[in-house]
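Novice: Using the sequences provided together with the hints, build the complete structure.
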Amino acid sequence: MSQIQSGPSTHSNLHPAFMTPQKLLPVEKCSLGCPILDCCIGGGIPCNSITEIVAESGSGKTQLCLQLSLRAQLPPFLGGLSASSLYLYTEFPFPTRRLHQLSSALQSQYPQIFVDDYNPCDSVFLQSVNNADQLLDIMPQIESFLENSKPRLPVRVIVIDSIAALFRSEFENTASDLIRRSSLFFKISGKLKELAKRFNLAVLVINQVMDFVESGCGVNEVRIGNLGSFYSSGRRVCPALGLSWANCVNSRLFLSKDEYESGLVGGGESGSVSRETRRRLHVVFAPHLPGLSCEFVIRREGVLGVNR
Numbered sequence: 001m002s003q004i005q006s007g008p009s010t011h012s013n014l015h016p017a018f019m020t021p022q023k024l025l026p027v028e029k030c031s032l033g034c035p036i037l038d039c040c041i042g043g044g045i046p047c048n049s050i051t052e053i054v055a056e057s058g059s060g061k062t063q064l065c066l067q068l069s070l071r072a073q074l075p076p077f078l079g080g081l082s083a084s085s086l087y088l089y090t091e092f093p094f095p096t097r098r099l100h101q102l103s104s105a106l107q108s109q110y111p112q113i114f115v116d117d118y119n120p121c122d123s124v125f126l127q128s129v130n131n132a133d134q135l136l137d138i139m140p141q142i143e144s145f146l147e148n149s150k151p152r153l154p155v156r157v158i159v160i161d162s163i164a165a166l167f168r169s170e171f172e173n174t175a176s177d178l179i180r181r182s183s184l185f186f187k188i189s190g191k192l193k194e195l196a197k198r199f200n201l202a203v204l205v206i207n208q209v210m211d212f213v214e215s216g217c218g219v220n221e222v223r224i225g226n227l228g229s230f231y232s233s234g235r236r237v238c239p240a241l242g243l244s245w246a247n248c249v250n251s252r253l254f255l256s257k258d259e260y261e262s263g264l265v266g267g268g269e270s271g272s273v274s275r276e277t278r279r280r281l282h283v284v285f286a287p288h289l290p291g292l293s294c295e296f297v298i299r300r301e302g303v304l305g306v307n308r
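Going by UniProt numbering, the residue at position 259 of the sequence shown is 259; the numbering climbs one at a time, nothing skipped.
Hints were generated in silico from the structure; no laboratory data involved. Every residue, glycine too, gets a C-beta built ideally from N, C-alpha and C. Watch out, some of these pointers could steer you wrong.
Pairs of lysine-lysine residues, derived as DSBU-like cross-links and limited to a Cα-Cα distance of at most 35 Å, are as follows [what the hints assert, rightly or not]:
#1 K29 - K187
#2 K197 - K150
#3 K29 - K191
#4 K193 - K150
#5 K187 - K197
#6 K29 - K150
#7 K257 - K193
#8 K29 - K197
#9 K257 - K29
#10 K257 - K187
#11 K257 - K197
#12 K29 - K193
#13 K191 - K257
#14 K150 - K191
#15 K187 - K150
Label-pair distances were calculated between CB atoms; the ranges are [as the list claims (entries may be wrong)]:
#16 S104 - L178: 42 to 52 Å
#17 P154 - Q112: 14 to 24 Å
#18 L153 - T277: 27 to 37 Å
#19 D177 - R235: 25 to 35 Å
#20 S144 - G234: 44 to 54 Å
#21 G190 - S82: 22 to 32 Å
#22 V115 - K150: 18 to 28 Å
#23 Q112 - S274: 33 to 43 Å
Specialist: Here's what the structure looks like:
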C-alpha cells in the first residue's frame, strides 16, 4: 500500500459527432476476478465511466472494491488494466488485513506475474477523506497525481468507499443544505467523469442504503431512472443520497443479502438451526447491460460467483 501526497451548431456539424473513431472503439473493462460476476456485468467495471455499488453493511461491497483494486494490476489478457489503483476511503479503519489477504491469494494464483517478491499492495495508493468538501478540495491533487506521478504501473482505477459516508452527518434536511448538497454531488461527479475521460479510468463508488418507508416504488410510486427500492435482509431499502446523486452515476449495481435456514446441526431435539447468508449482485441500471443478477459468496481468496 502507498499513500498519495498530497459557434452555433448546425445539422451538418452535429452529424459526424455520432460516428467518431473513439465511439467505435470497445470500452476497456477491469475484471472483478470471477467469470460469473464478469458475465453478469458485461465483462467487468468499465473505464471512462462511474459505476456505483449500492448495498447494506456486510454485503461485500468493500471486498469487491479491494478485489478490483488488486486485479487491475493484471495484464489485459488476464482481465486487468496493467494499472495501479487510488483508493479513497471514508470508513475507518481501512481494512488493511483483508487487503493483504486478497493480495496473497492473487500472488498465489499468478506467481508468474508477481515475481521478485513484488507485493500487489504496493500499487494500491490510499487516501483518507473525511467529508465532501475535502474530497472536492483534493481533486486538483488527485489530477496532479494521475498526471505527474511515476508509479510502477499507471493509475487507471479510482475507488471511493463510500460516497454516502461523506454526506451522512454534514447536512440537514433544510432547503439551503439540500441545494448545497446537490451542488457538491454535481461538482464531485463532474470532476470524476472529467478525470475518467482524460485518463481512461474505471471509477467505482460505494453507496449505502436506507430503509424504504414510503408506499409504492421510487417517487410518488413511480420508478424514475435508476432510483428505486430493493430488498435486503428481509427489508425494503433504497439507495442513499436520493435522485440527485442517482443522476450522477453511469451504472448502478445492487448487492443484496438474506439469511436462510440450511438445516439442523447436531440432530434430535437438542439440535440447533444452521443459518447461512445468500448474497446476490443485481444490475439495476446500466446503459450497456440488461437487468441481470447472479449469486456470489465471500471466501478467503475473494468474492466468487455461484452457478445455481
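Novice: Could you run down the list of hints and mark each one as holding or not?
Specialist: A quick look at each hint next to the structure:
1. K29 - K187: 25 Å, holds
2. K197 - K150: Distance of about 20 Å is within 35 Å: holds.
3. K29 - K191: Since the Cα atoms of K29 and K191 sit roughly 20 Å apart, the hinted pair holds (cutoff 35 Å).
4. K193 - K150: Roughly 22 Å between the alpha carbons, so the hint for K193 and K150 holds.
5. K187 - K197: Roughly 15 Å separates the two Cα atoms, so the pair holds.
6. K29 - K150: 23 Å, holds
7. K257 - K193: 30 Å, holds
8. K29 - K197: This hinted pair holds, its Cα atoms lying about 14 Å apart.
9. K257 - K29: Measuring from Cα to Cα gives roughly 26 Å; hence the hint holds.
10. K257 - K187: Holds, because 32 Å separates the two Cα atoms, which is no more than 35 Å.
11. K257 - K197: Answer holds: K257 to K197 is near 34 Å, not above 35 Å.
12. K29 - K193: 16 Å, holds
13. K191 - K257: Holds. K191 to K257 sits at ~33 Å (cutoff 35 Å).
14. K150 - K191: Holds: K150 and K191 sit about 22 Å apart, inside 35 Å.
15. K187 - K150: 27 Å, holds
16. S104 - L178: 42 to 52 Å: 45 Å, holds
17. P154 - Q112: 14 to 24 Å: 21 Å, holds
18. L153 - T277: 27 to 37 Å: 35 Å, holds
19. D177 - R235: 25 to 35 Å: 27 Å, holds
20. S144 - G234: 44 to 54 Å: 47 Å, holds
21. G190 - S82: 22 to 32 Å: 28 Å, holds
22. V115 - K150: 18 to 28 Å: For V115 and K150 the Cβ distance comes to about 21 Å; the hint holds.
23. Q112 - S274: 33 to 43 Å: 40 Å, holds
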